[in-house]
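Residue numbers (our numbering), protein chains in the order written: chain R, 1 to 814; chain V, 1 to 139.
There's no promise every hint is true.
Stated by the list, open to error - Estimated spans, in silico, between C-beta atoms of each pair:
1. R/Asp732 x V/Glu44: 31 to 41 Å
2. R/Ala188 x V/Leu66: 49 to 59 Å
3. R/Leu374 x V/Glu112: 47 to 57 Å
4. R/Pro563 x V/Ala129: 52 to 62 Å
5. V/Glu44 x R/Ala381: 33 to 43 Å
6. V/Ser132 x R/Glu552: 51 to 61 Å
7. V/Arg45 x R/Leu378: 50 to 60 Å
Quick caveat, the hints were computed from the structure, so don't treat them as lab data.
For each residue, glycine too, the CB sits at the ideal point set by N, CA and C.
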Amino acid sequence: VINRWIVAAARLLAAAIFLATWAYGVTTYSPFAFDMFIRPQLLPQLAAFVTWHHAWYWAAYLLAALSLVPELAGRHGAATRWASLAFVLVFGGVGLHLLSTPVLATLTSGSRSSFIVPGALLPIAFLAVIDHLAAGVAPWRERGDVSSPPTHVLTATICTAAMLWLAHQTSAMATLGVIDGPWLMTAAWAFVLDMTLAIAAYTILTLVGAVAALSRRPFITEYALSVALIAIGIAEAGRRIILPAFAFSAADAAAIASAFGVTIAMMWSGLRVRVSPAQTDTPLRFLLSPVPTRAVGMVALVVVLVAARLATAAIVQVDWASILQTTIALVEATLIFGIFLEVLPPVAHREPSAWRLMLAPVAAIAALSALPLLSASLSRATNNPLLDAAAVLDRLPSNDPLAHFAATQWIEQEGFDLQFYQDVMATERRQSTVDPQPRHPLLPFAGSTTAPPPHILFIVVDSLRRDYLSPYNPKVTFTPNLEQWSRESFVFRNAFTPYGGTWLAMPSIWTGTAVTRGWAKIFPRINALEQLITRADYDFIINDFTVETNLEAPRTFLERQIPSLDTDLCRNLDALRAHTQQRPATARPLFVYLAPMNMHILNTQGGARGPRYEGFYEPYAARVERIDRCLGQFIAHYKEQGLYDNSIVVLTSDHGDLLGEDGRWGHQFHLFPEAIRIPMIVRLPERLRTMVTTDLSRISFLSDLAPTLYALLGAAPPGQPLAGLPLFVPVDQAPADRRRQEFMVMSSYGSTYGLLRRNGKALYIADLLNWREHAYELFTEPNGVRVPVTGSIRRVNQQGIRDGLDKVDRMFSR
Amino acid sequence: VLAAFWLVLPIELGMDPDVSSSDACLTLADRPPPHGEEAIAALERCLTVATTDVELIADLAGAYELANRPGDAEAAYARALAIDPEYADVHTRLAALLLKRGDAARARSHAEIALRLQPNRRAVQELIARASAAGAQSQ
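Just chain V, with the same shape it has in the complex (with noise of 0.2 Å):
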């Protein structure tokens, strides 16, 4: 009876299920963001499994980018606040892509929290300044 007791337990739990290739896009995020084609197809591989991986979403918005893919861009963008919305570096990007987009309000919105996470910071401060200028232009 000791040895039953011995040879069937411990009892293991269950683990929900796996997805085989999520380690790498765990992973993913941690290296320096990807960029080509071949690097969004991953990066939006991976977005099925790690949905609310921020640094994933904004390393796709950035590669988007530089696909010159802008309103795909921009959505990546405002998915990756909706998840962490005081990512200030992705408020200031998002602003750094509206203010090219000519949407100079709304750049400065942007704008304007990142530098409330980001105090003093000039680069911020200096593309308040372009979107107050640019808003301010069009009007």
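The shape of chain R in the complex, shown without the other chains (with noise of 0.2 Å):
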């Protein structure tokens, strides 16, 4: 038994490093992934990893190729022994080619990785094949013709649902430290949807049971299908939760999800077979139970329940959290049905009637049914708008992520247009991976030489949010410099990213215009702020890892060495100050772009707190208070170089950040107010500053900045469509009315959408992954209020997507 459980230890093991090269492979396959995480070594652990990748695939070699040296000693059958030979073999060769020629630090976005993609599983399933002829046929005529009971798999459905609705409500109220309404009814919904996913899986397996029982191998078929169900789970929750999220397209999608479900699934199996005791005596529980025992099994619900409620708490302010939340959700869900197959093992009596055993199905249905109705008539009894359907809906991802699975797949807002759905993920689909050719070139720079143009300092602060800013804020204490010297700048009151997330909203900075998730390709015909800095002859300083690989004008990169998450505002201004101290007096004007990632939110999640903070979420409060120290220190020491007088600053954010609102934390997929309303500060030389006028309180947008450069600089527009436009105008004249027009917004990662209309006043939000759909009122500050969604404003909003589709569309001809 002991040798049985280091081999299953070893393989899991073995396993993990080549699913890691595995991941690897996918996330350089798809260009969006490639540039976002690999490129910017956004992760200095996967660097280390890929350095050493040779070194962990000789260790899982190893790993793999001692345990299966009771099959080459010959133990199970000449062919086992044949097969394991060839394994040693073909993946020692492998290891040998690899020490040689490293392979994954090669890898660059493309072809290449889709050999490494199928290759990584390769291994895994070769040794599922091994165990399985291992195995031989031993097991399945042990076992006969047992199938597993439907009273069995209903009893462990049904605990786990319950097990982990308790799990997942003793969190939440653990978190919110308050039971009241809203908690009841999010609890109430948690509950009858668990229970509905239970008794879902529990209708399948069952039918699943029926169809092997008319087998002649009733045992092996229920298994073998089992396993294909298993397959076909992780393969669709891949397809449809996790590889969506990182733009892969369908096809890719489904091949990329289809093989590894397969493959974990082989997997899976290959260790029951090897590992599951004799006496386990139904098909279910042979291949889903993941303890020996009972009083193992006890212990391992305890293990796995606490487990999953510390990693859910480890990354629940981390991007991409509600993906990773419900992989974790549906993970623990698999493990403790295996275990409560063990722990209530089937009792013998006779199996109730087909018609008796329904009665659960249709209670479940009926609940659900229900519940919008009880919802709606508590909501409006007491007038509390926060127990109604839709706002326990925005809770449930926060308060249960297995239930909000659930509610995904089977709750709908009354016409959310399926055709609006599809319309906008074929679009969406060709955008991101056709590459795109801009139908208009950029028109050539051709600014005024009257005078010499000023010095340009670019500040995007990753993830800055605007009311944690005294200039938009009178609550914030804590920007006191920010506060003096927004005094002698232009305050941008209704400003934000056409993008929420760095991928395309910093591109849209650079191009002044709409962008798709391929503009990396056509950058340098796009590009209008290098343009300008190639022909005004910039001396040009950049920190930034999201555009600058694509640029080609030539540049000093300030402190390359840091990674990407490490570059800190204070840091990169000290170096910039070292820079311009070295530089001569006449020197060319400077054109400095610094994108620090200080407010991210993977460097959020802890530090400083105290009393100034309260109201705020505060270690993002107290890294703005340094950020504001650190640009206090650098505008005076600038003054002082005589630099200040002659340069436009810019200082503003590529969105803003979830900080818990409703549970909710990032931007990757939000488009809330907080994520894309975001900070616009312009500071002009004061011989520019008198001769022109704005309207502050104008929508306006990352991608006015290009053209407003070009205004301040004597130069034509850049002259592409849904260009932005100059945010200054001569003083006798009126700035443009955008009042009337409409605005689409969209994530960079996933599939939501939102469009602002009425001068940025009304925002509406299609949540295409989630099919949900807001609309917020943004008259009063910070964030505005939210609005229910009325017919009308679907459909005129919705339209208004389309449209904006169609003309990004058009922009790009292909």
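Please dock the two separately framed chains into a single complex, following the hints provided.
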């Protein structure tokens, strides 16, 4: 028994390393994921894994080869021996090749990754085949024609749902610290949804058992069908939940997820036939029970529940948290179901009739149908909108990820237009996967030659929220330097990012227009700011990890050795100060672009707290205060150097962030006001300042900044469609009116779209990842109020989103 | 049973009561401002549905002005500013209206707010100058 478990542990360790290789291959295969995570070395641990990949591979290979010693010794027959020998030779050869020719380190986004992705799964699948060969026919012969009793499956699924519901509600209660009506209503919804999910699983498993019972060998048929179900389940979770969030096309997602699902199901089945004790008596227990005895099962139950809670707590503030939470919840549910199959052994009695077995699904469907009515009635009776179904569904992701997953499958908002969903997804797939071709080349930059161009200093602080800065929120007391600096600057009060997430937001600053996810391939042809830098002969200094690798202009990269996530505005400014001190006084004008990550959610999960941050998320506020201090010191020094007077200074962010509002964190898929409203403060040299006017309350975008610089330097606009507008016009002109226009906003990474109308005061969000929609009015500070989505709001805004996507399509011919 | 799941689910959530004319009202403000009695009637009707649509309210105020109903226009501008106090053009238009109606002090106050939102704008500076002159004259 011990040997069996040692072999299983070795196999799991080896599989983990092979899967890490697979995951890296998948990440590099997607141009978006490669540019987002790999190129900027966002995760230093990943870079270390790649550097030492050959060593990791050999560790995995040796673990796997050692686990095959009994097979190589011929204890499991000739076929197994030859298969094991083939494994040792083939993958040993691969290992030798890797020693001389590292593969992962040389992978760039492209077709080579498409070999690595299936290749990394091969050893796992090979081992699974060996395991099945080694097990032979004994497991199946020993167990005869037994099938899983429906009552046993029903009891295990219901106990799983109840246990998970209890665990999630306990966590939610501990987080909230209060039991109120909305919480009780959310808990009721979660209970019904968890139960419905359990009963749906039970129905499918019972159907599988019934089909197997018709065959000549029910045990092996049910087992094989259940393995296929696991493969389908994993593949579907990957295809529908995980891969779309990383901009994979539908075909790629289906191929990658299917191969992964089949491999993992094969691996699990191989381990089961190796380590399952002989006495397991039903196919499902044989396949799914991860524990050998009831006693171990009770301990494992506690371990899995605690581990899942800890894992969920650890990632709650991480980007992509909702995907990770759902994945953890699904894995947890599968493990607990398997444990319950062991802990609750089947009772030998006559099975109830089919009609009685149908009661459970019918009851689940009835309860699910009744819930929205109950919610609406109670909401009306108590005049509490938080009891309404829409509000409950908003709280579900943070309350119970498993119930949220069920809700995304089974709850729709009335009239949520399937055609709209299909149209948008089709356009999105096209825009994500086909290389864009710009129809309208940039017009040449021809700025004024009468005066030397001013210095330009861009500071784009990743994830900086406007309502944490005193120029935007009088309750903020921790940004005195910004407060002072803003008095000599233009504070654009109604600024937005057109794209939730850095990947599209950052290039939109450079191009001054709309971009698609394939922007990197055509960047030099649409890059308005780079053209300005080159033509106006700027001394170009940069610290950025999104667009920098796609630039062509000669440049100085400040602190290149610092990984992107660690880039710090204070250090950047110190480096800039050192650079400017070394320059001769007559040097070319400066163009500086800094994109520090101080405020990124991966950096703001802990830190200083204190009374001065009351009402704010303290670790975030403390970092804002530090930035403010550094900015104040830098501007003082910049003035001393004599550079400030002739400088255009722009302080903005590529997007905001969710800091726990309604249990949401991050910005990747969110277009809520906290995520898309941004600070935008522009300081102009005195000679320009008095010559221009603007409208600080007019809706403005990051894509306005490049046209603004063109205008300030006396050049005609870059001439692209969907381009932003200059923020400033001569004093005798009226700023262009945008109040009657509508503007599409979208997530850089997932299928979330929004529309801003009425000067940015009306926001509609269509979250196609979760099939949810939201509407806001943004008149009140800091982040407006939520309003009900009426049919009119939906129709008008969905049409606006279609129009927005069409305009982008027309801009890039393909 | 599986078929039952397929047939009954997904459950559709209900939606807030809708008003049949509100599609047109939501997009009315996206077009150039209408005027005339008919336009006033349409705008007033829409504002019972789209109560916070400041563009509609500003359009209504403009239509009142053209129809020589300055009192209604002033009230409508004030209503728009109560919802969106940072609507620079409405401040400017209200200031001009107030100046025409002889209320130089309030005209100047609104024009100064407009100038804070549209710094250096010559038209607003001229309005302030006219309001200041009118104020001085009346004193």
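Evaluation of the provided hints:
1. R/Asp732 x V/Glu44: 31 to 41 Å: Since R/Asp732 and V/Glu44 have Cβ atoms about 36 Å apart, the given range 31 to 41 Å holds.
2. R/Ala188 x V/Leu66: 49 to 59 Å: 56 Å, holds
3. R/Leu374 x V/Glu112: 47 to 57 Å: 54 Å, holds
4. R/Pro563 x V/Ala129: 52 to 62 Å: This hint holds: roughly 57 Å between Cβ atoms.
5. V/Glu44 x R/Ala381: 33 to 43 Å: 34 Å, holds
6. V/Ser132 x R/Glu552: 51 to 61 Å: 54 Å, holds
7. V/Arg45 x R/Leu378: 50 to 60 Å: Taking Cβ atoms as reference, V/Arg45 and R/Leu378 lie about 34 Å apart, which means the hint is violated.
Violation of the numbered hints given earlier is confined to hint 7; every other hint is satisfied by the structure.
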